[in-house]
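Trainee: Each chain, written out:
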Amino acid sequence: MKPSPFDYAVPATLVECLELLSDESRDIRVLAGGQSLMPMLNLRLAHPDLLVDINRIPELTAYSIRPSGLAVSATARMADLESDPAVATASPLVAEALTLIGHRAIRSRGTVCGSIAHADPAAELPAVAVALDAEVVLISAAGERRLAATEFIQGPLITAIAATELIREVLFPAWRPGSGWAIAEFSRRHGDFAVGGAIAILSVEGGVVTSASVTAFGLAGRAQRLPVLESTLVGAVASPALAATAEQQTLEQVEVWDGAGASGQYRRRLASGLVGRALRQALGRVA
Amino acid sequence: MSTATRTVRLQVNGREVVREVSIRQSLADFVRDDLGLTGTRLGCEHGVCGACTVIADAQPVRSCLMLAVQADGASVTTIEGLAASGEIDALREAFATNFAAQCGFCTAGMLVSATCLLRTTSQPTESAIRQELSGNLCRCTGYGGIVGAVQEVGRSNR
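From first to last, the protein sequence lines are chains A and B.
Position 151 of the first sequence, counting from 1, maps to 151 under our numbering, and the rest follow consecutively.
Position 136 of the second sequence, counting from 1, maps to 136 under our numbering, and the rest follow consecutively.
Hints are computed from structural coordinates only; laboratory data are not their basis.
Even glycine gets a Cβ: it sits at the ideal position worked out from N, Cα and C.
Any given hint might turn out to be false.
Claimed, not checked - No farther apart than 20 Å at their CA atoms in a straight line, the calculated lysine to aspartate or glutamate pairs in the EDC-like style are these:
#, chain 1, residue 1, chain 2, residue 2
1, A, K2, A, D49
2, A, K2, B, E20
3, A, K2, B, E80
Claimed, not checked - To list a few chain B residues with every Cβ distance to chain A over 10 Å, as calculated:
#, residue
4, E93
5, A96
6, T97
7, C116
8, S122
What the hints assert, rightly or not - Distance windows between CB atoms, simulated:
#, chain 1, residue 1, chain 2, residue 2, range
9, A, R56, B, V17, 15 to 21 Å
10, A, G155, B, A96, 46 to 52 Å
11, B, R9, A, P227, 35 to 41 Å
12, B, T5, A, L45, 32 to 38 Å
13, B, A96, A, A148, 53 to 59 Å
14, A, P85, B, A96, 34 to 40 Å
Work out the full structure, taking the sequences as your base and the hints as a guide.
Mentor: Next comes the structure, spelled out in structure tokens:
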């Protein structure tokens with residue numbers, strides 16, 4: 001299938017780009033990596049009037065490791081972060097999540113910010129952003145605003161972004177040294193969209209859990225933290241026995257879709273198993 | 001809108017190419033229709049099957065998901081380029097002896113992806129090969145011959 005007709009603009013500067021986006025009379029889509037948008041165009045699930053290609057704006061291409069964390073600009077490519085050992089050190093969860101995304105060719109062009117802007121419920125990076133309480137920086141001709149990932153991602157392919165806005169960058173907070181972490185996902189074939197996934201991040205001091213982040217994704221409309229489970233884990237003695245507790249609580253607490261390829265009961269059990277697995281791995285990684 | 005065109009200038013298989021392209025034309029359609037390089041296939045046109053894989057600026061990419069206009073200034077290598085340079089001679093031989101092609105539709109994409117893997121990883125394991133080629137779908141062979149062929153070529157790389 002071929003896309004329906006569209007106009008195309010390729011601004012050379014961010015200012016020019018934001019001016020194009022400020023025209024609210026047209027249906028405008030931002031083209032970054034195109035690995036989610038081009039399929040939609042080719043399948044005619046989207047038919048924008050204007051495609052604004054942001055790949056030629058130099059200030060949007062970079063990522064940097066700062067004291068505050070890993071800052072990834074709009075068109076930084078997944079493959080570039082994946083192959084950089086400094087990223088693996090600065091944010092091992094981001095680095096590992098990248099390897100789970102699609103296939104090598106997808107990651108050559110795909111962008112970290114694009115994946116978050118697309119907000120597929122089964123995607124790894126939006127889940128990582130939720131797990132880490134990442135910050136999404138939005139920019140428009142009217143200025144900049146910042147949202148927590150959990151505020152930004154609202155539902156399946158639904159975010160808080162306005163038609164006039166662009167994700168300028170996503171900031172993944174600085175990694176706590178010694179944290180235990182893991183991402184576990186299940187897909188039918190390597191590179192397929194996850195049927196379900198879990199992310200666990202733990203800090204442990206003196207054998208006691210001092211902070212916990214547990215996220216389930218691919219199971220409902222968006223990645224979800226499990227706050228009741230998290231508060232059970234905090235203050236608990238860090239031992240593999242926690243995984244069984246986590247599995248039971250996940251069964252009770254996780255929100256799941258029923259239907260479209262898997263029953264709610266299946267998803268609930270899958271979530272439970274994956275949270276247990278992620279927690280065991282995370283505990284094993286605590287330094 | 002659909003009649004709008006732009007001029008692109010890029011390298012394809014080592015040669016400079018300057019053409020006027022329709023803005024909604026994919027890179028895949030451009031190499032096939034405008035340049036006659038039909039080795040690159042179109043399967044799903046939404047990035048899943050891998051039949052359209054080419055190399056752009058040293059990276060494997062889905063040419064069905066790139067607009068031709070986006071390739072302005074890029075260096076693109078298609079299966080024809082890899083064949084002409086001789087880079088895939090060993091792979092082609094191994095594909096033949098391992099019965100890695102039946103209908104041949106996935107083959108170009110498989111060879112491009114395998115080439116990218118072998119450029120970065122010498123002697124890849126079976127598991128690494130299966131992972132790297134998971135983005136290239138084959139309906140005929142059951143993948144065994146393909147994986148075996150890539151492994152064989154990897155082993156012969158010292």
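Trainee: Checking each numbered hint in turn, tell me which of them this model violates, lowest number first.
Mentor: 3, 7, 11 and 12
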